[in-house]
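Using the sequences provided together with the hints, build the complete structure.
UniProt numbering applies: residue 1 is where the sequence shown begins, and numbers increase by one.
Derived from the structure by calculation, the hints contain no laboratory data. From the three backbone atoms N, C-alpha and C, an ideal C-beta is built for every residue, glycine too. One or more of the hints may lead you astray.
[Claimed, not checked] Quick list of in silico lysine to any residue cross-link-like pairs, SDA-like style, CA-CA up to 25 Å:
#: 1; residue 1: LYS121; residue 2: LYS291
#: 2; residue 1: LYS340; residue 2: PRO144
#: 3; residue 1: LYS101; residue 2: SER120
#: 4; residue 1: LYS346; residue 2: LYS101
#: 5; residue 1: LYS291; residue 2: ALA139
[As the list claims (entries may be wrong)] Between beta-carbon pairs, the in silico distance windows are:
#: 6; residue 1: SER311; residue 2: SER169; range: 43 to 53 Å
#: 7; residue 1: GLY331; residue 2: TYR105; range: 22 to 32 Å
#: 8; residue 1: GLN216; residue 2: LYS340; range: 16 to 26 Å
#: 9; residue 1: LYS163; residue 2: THR342; range: 42 to 52 Å
#: 10; residue 1: THR218; residue 2: GLY154; range: 19 to 29 Å
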Amino acid sequence: MWKPLQNTKSVTLVQGCLFAITAFIILMTVVAYHSYLVYRVRISGPRTTPPEAVLSDFSVPPCLFGDLPSARQQPVLRVVVVVYFSIPQKKYERNLQEQMKEYPYLDSIYPLVEHSSSYSKYDFVVRSDLDVFFTPAFAGWIPPNCAFVTGNGGYSDTFNMEKLAHVASYSGIHFNASVRNVGSTWIGTPQLVAKVAERTVHWMVHLSRIEFSPKQRTIAWWGGAPLWMEWHYGVLSMYGGHLAVNEVLESGKRHPYLKLDLDHPTTSSASCTVDGPLHLHTYQSNVYFSKSEFNNRKYVGASALPAFLNSTRCDYAAYLAADSLVMTSVGLAERLRSAKLTTLQKRV
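The structure is reproduced here in structure tokens:
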């Protein structure tokens, strides 16, 4: 004969716990989906022209919605304003320490922001990587029309361009899809370089927080370039610079912008003359001249570096690299001092 269940209280307790867990999961799902919409919201309808005062003073966020109080009066855009203002201007310290602790290349950009007053009196500022060679053509060259000049990068595949366009869209900044592969070398006036550097750091922090997962930000992950060339954390500074050039310069509409023959590959066998190129850059390659082969001391014997300066671009880079192996810091200082004095004497 069937008997009623004796432990009814235990069953009721278990059912209550299961119900609570289910409700919690549903709640967290709703919150997560809402957060996803917050960070992926797109602005529809006509875009507003940024106020001149806002764009000219980058100590305040150059947001398309004017000041924060008036922006919050627009319910449709309120959530976008919150996202866009989530990173305080010129107060990067906490975000930098947390978000960039495994991205050492930040050091090539941030000093331009932190110490902009140290170069404000110069006519032009050059920002470039360490694995580059300036050519004879650079010695007599001046950026035309005080333009902001960059070289060429190699990150603008279809996926990355769509991704950057998406970030620009939900952030409300200018974006020109025809501008591709903004190089890591910058040349411009101190004011423009400082502004572009500041916004580059801003976008690096933003992309790191919003568009990359914690795992993707670890050197153990991105050091092997598993996703290259699609959305690779190792070129975060390039992505940040791409957005900054669009935002600050409006791709040449607000300030003059040029892409010239900077960052030319050192694997080229074309001539290196006083007419160009301006600047050579060693990329990740084993083809001569290769920085990795040089670093691993592979250029020996029949593959030894040239003892005399030849006219090809690869040999020009190789000769300077070979010369650096026997040059001391004192010798380098003497050469720089001599070159500077020669330049000053020519001006007189």
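Evaluation of the provided hints:
1. LYS121 / LYS291: violated, 34 Å
2. LYS340 / PRO144: Since the Cα atoms of LYS340 and PRO144 sit roughly 23 Å apart, the hinted pair holds (cutoff 25 Å).
3. LYS101 / SER120: Roughly 29 Å between the alpha carbons, so the hint for LYS101 and SER120 is violated.
4. LYS346 / LYS101: Not OK: LYS346 and LYS101 at ~46 Å, beyond 25 Å, violated.
5. LYS291 / ALA139: holds, 24 Å
6. SER311 / SER169: 43 to 53 Å: holds, 47 Å
7. GLY331 / TYR105: 22 to 32 Å: Because 29 Å falls inside the window, the suggested range holds.
8. GLN216 / LYS340: 16 to 26 Å: violated, 44 Å
9. LYS163 / THR342: 42 to 52 Å: At 48 Å between Cβs, range holds.
10. THR218 / GLY154: 19 to 29 Å: The hint (19 to 29 Å, Cβ to Cβ) holds, given that THR218 and GLY154 are roughly 23 Å apart.
When the structure is compared with the earlier hints, violations turn up for hints 1, 3, 4, 8 and for no others.
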